Amino acid sequence: MQFKKIITLAAFAVSGILISSCSTRQVTRVNTNDTIDISGNWNNTDSRMVAQEMTQSILGGKWISTHLEEKKGKRPVVVVGLVQNKSHEHIDAETFVKDVEQVFVSSERVRLVQGGKKREELRAEKADQQDNATVLTMKKFGLENGADYILQGSINSIVDSHKKQKVVYYQVNLELTDIQTNEVVWIGDKKITKYVKN
Amino acid sequence: MKRKLVISSLCAVFVLTATAYGQQAGLVTDQNPRYEISRAKYMNVADSLTSSQGTTVQNTYKAYDWYEAREERRKLRREARAANAGNDWFYPSVNYYPGYYNNWGYGGGYNSWGRHNWRRSNLWLGW
Chain D
251 MQFKKIITLA
261 AFAVSGILIS
271 SCSTRQVTRV
281 NTNDTIDISG
291 NWNNTDSRMV
301 AQEMTQSILG
311 GKWISTHLEE
321 KKGKRPVVVV
331 GLVQNKSHEH
341 IDAETFVKDV
351 EQVFVSSERV
361 RLVQGGKKRE
371 ELRAEKADQQ
381 DNATVLTMKK
391 FGLENGADYI
401 LQGSINSIVD
411 SHKKQKVVYY
421 QVNLELTDIQ
431 TNEVVWIGDK
441 KITKYVKN
Chain S
17 MKRKLVISSL
27 CAVFVLTATA
37 YGQQAGLVTD
47 QNPRYEISRA
57 KYMNVADSLT
67 SSQGTTVQNT
77 YKAYDWYEAR
87 EERRKLRREA
97 RAANAGNDWF
107 YPSVNYYPGY
117 YNNWGYGGGY
127 NSWGRHNWRR
137 SNLWLGW
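If you read the sequences in order, they're chains D and S.
Take the first sequence: its position 130, counted from the start at 1, is 380 in the working numbering, and no numbers get skipped.
Take the second sequence: its position 75, counted from the start at 1, is 91 in the working numbering, and no numbers get skipped.
Worth flagging that the hints you see were computed from the coordinates, not collected in a lab.
Some hints could be false.
With a straight-line cut-off of 16 Å between C-alpha atoms, the simulated EDC-like cross-links for lysine to aspartate or glutamate are [stated by the list, open to error]:
no.	chain 1	residue 1	chain 2	residue 2
1	D	413	S	84
2	D	416	S	84
3	S	78	D	339
4	D	414	S	63
5	D	416	S	87
Computed from a predicted model, the values in this text were never measured in an experiment.
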């Protein structure tokens, strides 16, 4: 009888420990503008810093006024091209390039056209409409806005580490090129250096 | 016969001149008259070249990190010990080609039994 009691108590204790060990994870919503560095790798703060720098620089650039002057007030049309990540980490440039695109649209100073897969999807939708939409609502081929400029970029990094110390340098470059002439009209860069001590 | 030959030659010269003139007439100011060569080349590949627009191409490299390399070495050592535990005395894991994959040409990471020499090897660099 005594032995049964001990077994029951032990079972309760073990199950209690198991339940408590399962509920140690805590998740808290934080402000997206908060800086939280955990591993020292590229994170949302770096992306935000790049986006802030690029949006300010690209809209404040002289290329817009030059274009407006040359084209008699017609706003420049931009398409987003490739960004090459040549750093040592997986970084998706879309997190900051989207911010730049958003500023183009919201500022109404630059017109943005779709490229890549999204443009292909649009053309496929147009093709579908040729057979299925009413004649009045059907969209026609050959009336797209041709881009004046293409936005391209690259991400590079340098890592210097010894024992438990590490310095990581990131350089993000975006550049805007005139599609007709291949002339680079704007280059923006953001350099970030991190010191990590393990 | 001779007359026919002269007439056909003149016709050919006329057609060629007219074509060249027509091409020149279609050019805008300062446009390269041989632009059609480049146009023909890129018209065929435009779809494949623009399909990844708006994306990030990942050309990453592996950076040497002393601390991470040490952790990785330790992890591999533990795994190797666990794998060899119990049977390596009787069946040593002989590597018949020590240093085969070593770029430096000699089997720095392996001893004569083909067993890994953890002090001399550098797993981060792959030998």
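Going down the list of hints, with the structure as the test:
For the given pair, residue 413/D sits about 9 Å from residue 84/S by alpha-carbon distance, which is consistent with the 16 Å threshold. Taking the CA atoms of residue 416/D and residue 84/S, the gap is near 11 Å; set against the 16 Å cutoff, the hint holds. Taken as a hint, the residue 78/S and residue 339/D pair is honoured in the structure, with Cα atoms around 8 Å apart against an allowance of 16 Å. For the hint linking residue 414/D to residue 63/S, the alpha-carbon distance of about 48 Å lies beyond 16 Å, and the restraint is violated.
About 15 Å separates the Cα atoms of residue 416/D and residue 87/S, which keeps this hinted pair within 16 Å; it holds.
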